[in-house]
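Residue numbers (our numbering), protein chains in the order written: chain A, 171 to 504; chain B, 171 to 504; chain C, 171 to 504.
Check the hints yourself; a few may be wrong.
Pairs count within a copy or across copies, as identical chains cannot be separated in the list.
[Stated by the list, open to error] Calculated lysine to aspartate or glutamate pairs in the EDC-like style (CA-CA distance at most 20 angstroms, straight line):
id: 1; residue 1: Lys-494; residue 2: Glu-478
id: 2; residue 1: Lys-411; residue 2: Glu-462
id: 3; residue 1: Lys-494; residue 2: Glu-504
id: 4; residue 1: Lys-172; residue 2: Glu-478
id: 5; residue 1: Lys-194; residue 2: Glu-387
id: 6; residue 1: Lys-194; residue 2: Glu-330
id: 7; residue 1: Lys-172; residue 2: Glu-183
id: 8; residue 1: Lys-463; residue 2: Glu-478
id: 9; residue 1: Lys-269; residue 2: Glu-504
id: 10; residue 1: Lys-488; residue 2: Glu-330
id: 11; residue 1: Lys-411; residue 2: Glu-217
id: 12; residue 1: Lys-463; residue 2: Asp-447
id: 13; residue 1: Lys-494; residue 2: Glu-392
id: 14; residue 1: Lys-488; residue 2: Glu-500
id: 15; residue 1: Lys-411; residue 2: Asp-393
id: 16; residue 1: Lys-194; residue 2: Asp-393
Derived by calculation from the structure, the hints in this document are not laboratory data.
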Amino acid sequence: MKLGDLAQALKLELHGDASYQVTKLAPVASAGDGDLSFVVSSRLTRELQQTQAGAVIVPASMASQANGNYLVSSDPYASYAQASWLLTPETFPLPGVHKLAQVHASARISPSASIGAYSVVNANVFVGDNAIIGEHCVLGTGVRIGAQSRLFARVCVYHECELGNECRVQSGAVIGAEGFGFAFANGWQAIHQTGRVMIGNKVHIGANTTIDRGAIEDTIIEDGVILDNQIQIAHNVRIGKNTAIAGCVGIAGSTHIGANCQIGGASNIVGHLRIADGVVLNATSFVSQSIEKPGRYSSGMPLQSSSEWKRTFVVLSKLNELLKRVRRLERREE
Amino acid sequence: MKLGDLAQALKLELHGDASYQVTKLAPVASAGDGDLSFVVSSRLTRELQQTQAGAVIVPASMASQANGNYLVSSDPYASYAQASWLLTPETFPLPGVHKLAQVHASARISPSASIGAYSVVNANVFVGDNAIIGEHCVLGTGVRIGAQSRLFARVCVYHECELGNECRVQSGAVIGAEGFGFAFANGWQAIHQTGRVMIGNKVHIGANTTIDRGAIEDTIIEDGVILDNQIQIAHNVRIGKNTAIAGCVGIAGSTHIGANCQIGGASNIVGHLRIADGVVLNATSFVSQSIEKPGRYSSGMPLQSSSEWKRTFVVLSKLNELLKRVRRLERREE
Amino acid sequence: MKLGDLAQALKLELHGDASYQVTKLAPVASAGDGDLSFVVSSRLTRELQQTQAGAVIVPASMASQANGNYLVSSDPYASYAQASWLLTPETFPLPGVHKLAQVHASARISPSASIGAYSVVNANVFVGDNAIIGEHCVLGTGVRIGAQSRLFARVCVYHECELGNECRVQSGAVIGAEGFGFAFANGWQAIHQTGRVMIGNKVHIGANTTIDRGAIEDTIIEDGVILDNQIQIAHNVRIGKNTAIAGCVGIAGSTHIGANCQIGGASNIVGHLRIADGVVLNATSFVSQSIEKPGRYSSGMPLQSSSEWKRTFVVLSKLNELLKRVRRLERREE
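Required output: the full structure, derived from the provided sequences and hints.
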């Protein structure tokens, strides 16, 4: 791709040779001829000055440090995101239903959509324009997949669940399985989970992530939510617009998470809580109470050598006793 | 469904109009005409008094607060569980082997069982009466699935593993994969995992949960155990009758968990431990020693604002030093 | 199998009857006639003396305690690992492409390899000698599976990813899904993940484990790495030779882990860190900083009865205040 065309597509100011050919992206430290790279902050000033990259996307504040070909962006990381699709375009399967897919007669599949080999599309399913259903997907009765959405191979969507437009779901994700609802009466008696999972537009769902259907009402994932791999979202959870959740997070039933939150990896949130908009949780946070104020929260333990940690472990096991000893000292002091 | 018929099916005392038609379940606060709702405790007295629900299941202690149609139950939550299946009956595929399933000639499939599209049923498999094997399941050689059990789409059961009657397994579950057993000798040498997974009756297994086969002896899940999503159960684990395990729990190899335990979400239990009957673990418990007494246990960290937590983190990192300082103060005191 | 033949295959010194027939492995405490067992340390001396096993593998140091038939090994656990495959040989599907598999014309499949029912092998895939691709696997365009590798049913490998020789991948694993890379600009904008996953030789990957493809460069798993179930490995991670990782571990993006590490179950490692060779992490370790020295590390919380833990929780929530109180006491002391 010619650098001039790229600058135009990204709407960036170009310095250097508009006819220069860039072929792929590369990190600024290891990039070479023909590579496009980017820097987002002055921490990479030296790498920028020494780079062998064919062209670099830089913030305005670093333009004076750039040599050769460069593109000036108000947000180099977002420009890099855009460039990633232009330099390595996504490949698409051909439209149409694969001859080895099993599609129910009542399903409505857009002629521009693609259904992969061995996928099963049950009754009354709707698949929108240009949607792509990969190989080995199973869409239950009444499922709705919006336009431009892409399900990679081996995604399960249980009956009646809906995904909006421009969603992207990685392999192994399970949407709409029965939530963990039981009454105990002479053994555990399952409660029929009759709600759905309702997913908005531009939602990303990672590999092997699970989102359970609601018990009575629906589990709701709003527009623009991004979910990493191996996340567990229980029944009746709601996740607000543009919230980002990193891998291995667990969210228990009926918890509502606000918009624009960022949930760090391996965090766990117990059930029936309310998390305000704009909450940021560091990795491995454990949330056992509702959070009413936006801000950044943490609860991760420090790592220690195991020999040190054994002592810490003992003190932690008797922490309340330690508090009492301090209190006793304070009383004597008085 | 007529309220009178429902009351009869649930064996509950009806107050109000037996000919009233209820069509679905709804939460007491948002229910409307034609909806059946329930309350379990006096915490919802106001909601009960103000509800627009067509009928409500109430405990005897709250019957005097109920208006209109209501059903009196000694366990409203259990009655709700029963009602959930009556008001929204489960839908079943037709009995028989789907024309796109691949069933080995030696497999014994009950004529009342159903095998879904693209499922693979290997040699010497047994599938009992009214059992349902969803689409894309893979049953290894010699697998046994008891009567009335239902596997949703895309469940894998490795060779020789057995499930009892009335089990329910959600999509993506993997039963009987090879456990993590290796000896180190010029690199890691795998140990052939020759045990099985033996699962009792009325066991529920959540989406993307994994249960490894035993190394020599079997991994055992007893009757009535309920497992949520994304649980990892390692080889040689045993889980006692009616134990409930919430999502994202990990149980390491050869640990035995008693009957009637409740393991909170994201808890982790190390290997070779014994957990007594009736142990309750709160969410994110870390169990590194056997638990001999029933009771409730916890180990989760408190969440703090990240600025506070940074200070806590430093104190935690030097907790043993803090203990020493208190000791020194105490000695001086004396 | 005759004990003499087994001794020869394992290269062990045999004491007892070379013509004795052993049929299976069993634990030393429960083994009976015809069973082979093993002991690794003097902790099992009593069990060894009382065992009913037909034969036992013992370390030289315990040979004097053994009765009847026994094999002397410098590493009984490794000998047991070898014996496990000899006494219960693995069963293999027949070579060839199953008639219900879908293989692209451009794929190069060794005649000695096996492709299972309903598997999809896309364009330009290479599958080496004696490799086994189970049922329901999906191999994306350009995937390479080395000789002797075995993928169990329902493994997904995205386009361009490569596995070396003698790898073993359990069901539900997803290799090469798109990593969690987004820029925020009027909503989250995905970054096209154009790197691959490159996996060495003799790598084991557990059930439902996910390994994301690199953003620009590759995610790399070196030779001899063993990964348990439900592990999440994010984009651009590197894992060094012979490192072992237990179940439910999460490793965030761009972290590099050295060789010969052992990562305990449910540990979590944040992104962009460097972990030295030979680091051992106990279960549930939380790693938020790089680790430069080999050794054993921990960070798990102690478990307490919930009533005790409530008090601990309060002290932990005010730990910094406790430190201040101790400081105040110390100042007064002076």
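To see whether the hints hold, each was checked on the structure:
| no. | hint | in the structure |
| --- | --- | --- |
| 1 | Lys-494 / Glu-478 | between (23 angstroms within a copy, 13 angstroms between copies) |
| 2 | Lys-411 / Glu-462 | within (17 angstroms within a copy, 40 angstroms between copies) |
| 3 | Lys-494 / Glu-504 | both (15 angstroms within a copy, 17 angstroms between copies) |
| 4 | Lys-172 / Glu-478 | neither (58 angstroms within a copy, 51 angstroms between copies) |
| 5 | Lys-194 / Glu-387 | between (47 angstroms within a copy, 11 angstroms between copies) |
| 6 | Lys-194 / Glu-330 | between (42 angstroms within a copy, 16 angstroms between copies) |
| 7 | Lys-172 / Glu-183 | within (14 angstroms within a copy, 71 angstroms between copies) |
| 8 | Lys-463 / Glu-478 | between (36 angstroms within a copy, 15 angstroms between copies) |
| 9 | Lys-269 / Glu-504 | neither (86 angstroms within a copy, 86 angstroms between copies) |
| 10 | Lys-488 / Glu-330 | neither (52 angstroms within a copy, 48 angstroms between copies) |
| 11 | Lys-411 / Glu-217 | neither (36 angstroms within a copy, 29 angstroms between copies) |
| 12 | Lys-463 / Asp-447 | within (8 angstroms within a copy, 40 angstroms between copies) |
| 13 | Lys-494 / Glu-392 | neither (48 angstroms within a copy, 45 angstroms between copies) |
| 14 | Lys-488 / Glu-500 | both (19 angstroms within a copy, 16 angstroms between copies) |
| 15 | Lys-411 / Asp-393 | within (5 angstroms within a copy, 42 angstroms between copies) |
| 16 | Lys-194 / Asp-393 | neither (31 angstroms within a copy, 28 angstroms between copies) |
Hint check: violations occur at hints 4, 9, 10, 11, 13 and 16; the rest are consistent with the structure.
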